[in-house]
Structure formats: structure tokens, C-alpha cells
Amino acid sequence: MPLPAYPRGMTRHPLVAVPDGMLGEENSTTVAPAARDAVAALVSTWEFKRRAGFETPAGAPMPELEGVLAKRVFGIRFAEPVRVVWADASGFGYETRPGHPIYGEESFRIDERGVFTARSVSRPSTWFWRMLAPALRRMQRSTHAEYVRIVQEAARAAEAETPR
0 MPLPAYPRGM
10 TRHPLVAVPD
20 GMLGEENSTT
30 VAPAARDAVA
40 ALVSTWEFKR
50 RAGFETPAGA
60 PMPELEGVLA
70 KRVFGIRFAE
80 PVRVVWADAS
90 GFGYETRPGH
100 PIYGEESFRI
110 DERGVFTARS
120 VSRPSTWFWR
130 MLAPALRRMQ
140 RSTHAEYVRI
150 VQEAARAAEA
160 ETPR
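In numbering that gives the first Met the number 0, the protein residues as written are 0 to 163.
Simulated from the structure, these hints should not be mistaken for laboratory data.
Keep in mind that a hint or two might mislead.
[To be verified] Computed list of lysine to aspartate or glutamate pairs in EDC-like fashion (alpha-carbon distance at most 16 Å, straight line):
(1) K70 with E46
(2) K70 with E54
(3) K70 with E145
[Claimed, not checked] Simulated DEER-style distance windows between Cβ atoms:
(4) A156 with G20: 36 to 42 Å
(5) A132 with I75: 25 to 31 Å
(6) R76 with A16: 23 to 29 Å
Idealized CB from N, CA, C, for every residue including glycine.
Throw the hints in and build the complete structure from the sequences for me.
This is the structure in C-alpha cells:
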């Protein structure tokens, strides 16, 4: 069964439509103006993913950079090949590569109003992962909630450091 096509870079912007056969997910939080720059500095680097428990590629996220994200779940290391689709001072997005349990794209971005959004468009990548789809979705939702928590924590720390 062929994987559905999607516009590369589509998670950089609000999801208007999701390709057939894929699910979209958006989770957002707003940070205070005093914390916006600190959060932008965090979500435009791999440090953001490291705080969520992932091993990450070396260097900064740069368009076309290929690497492997990895995370241990129940003691098993899951390697997740990715390629960065876009990256700038507001965040970055990547697409999954063959060998990743999920097919699709994910991004992290803070806009000029201080709204951080973790966004994904995805589906299980193979028949094997499709059998585990409910568990994958739970893990994906949990990870997105963790991203929002990390941003809120970084925003609180930045606000605490801001002179009044």
C-alpha cells in the first residue's frame, strides 16, 4: 500500500487540511512576551528534543540535514531517521525517513505573538507499525504534551530571570 503524499513543509503553518490516510495533531501554548526569545532559542535547536528524552544529531538543525533521533521505551532503543525540512530562528521541522515507525512530518515553532505550536501530520510507516497504531498515537500525544510542558517550563525560567 503506497504512502500518501503530502506537501513538504506543511507543518510549518496551521493545518488547514490533512491528506487522506494521515492524522494531524496540533498542540499550542502561549508564552509571555518576556519569554518569547528564550523559547525561540530553545525550540530552534535539538536541545528541545533532548529535553523530551531523545538522542539527537550533532550540530544545529539545518535544512536537508539527515540524522537519527532515538528514544528508549521500556528499555528498547528506537532509532528514528529524519531529515530537516526547514529551520530558522522560530523553530524547525523534519520529515521522517525509511526506518522510522511513523511516516510524515513534525515541527516546532513559536510565532511573533508568542504562541508555540508542536504540529504533526503522520501515519504508521509500515504494516507492522500499523498494527501498533493505537500505542503509537498515545505515545505521540504524550510526547506533544511533553513538548508543551517543556516550553512552559522554559518560559517560566526566562520570566524569572527577567528584571522587573
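Taking each numbered hint in turn, which are not upheld by the structure, reported in ascending numerical order? Violated: hints 5 and 6.
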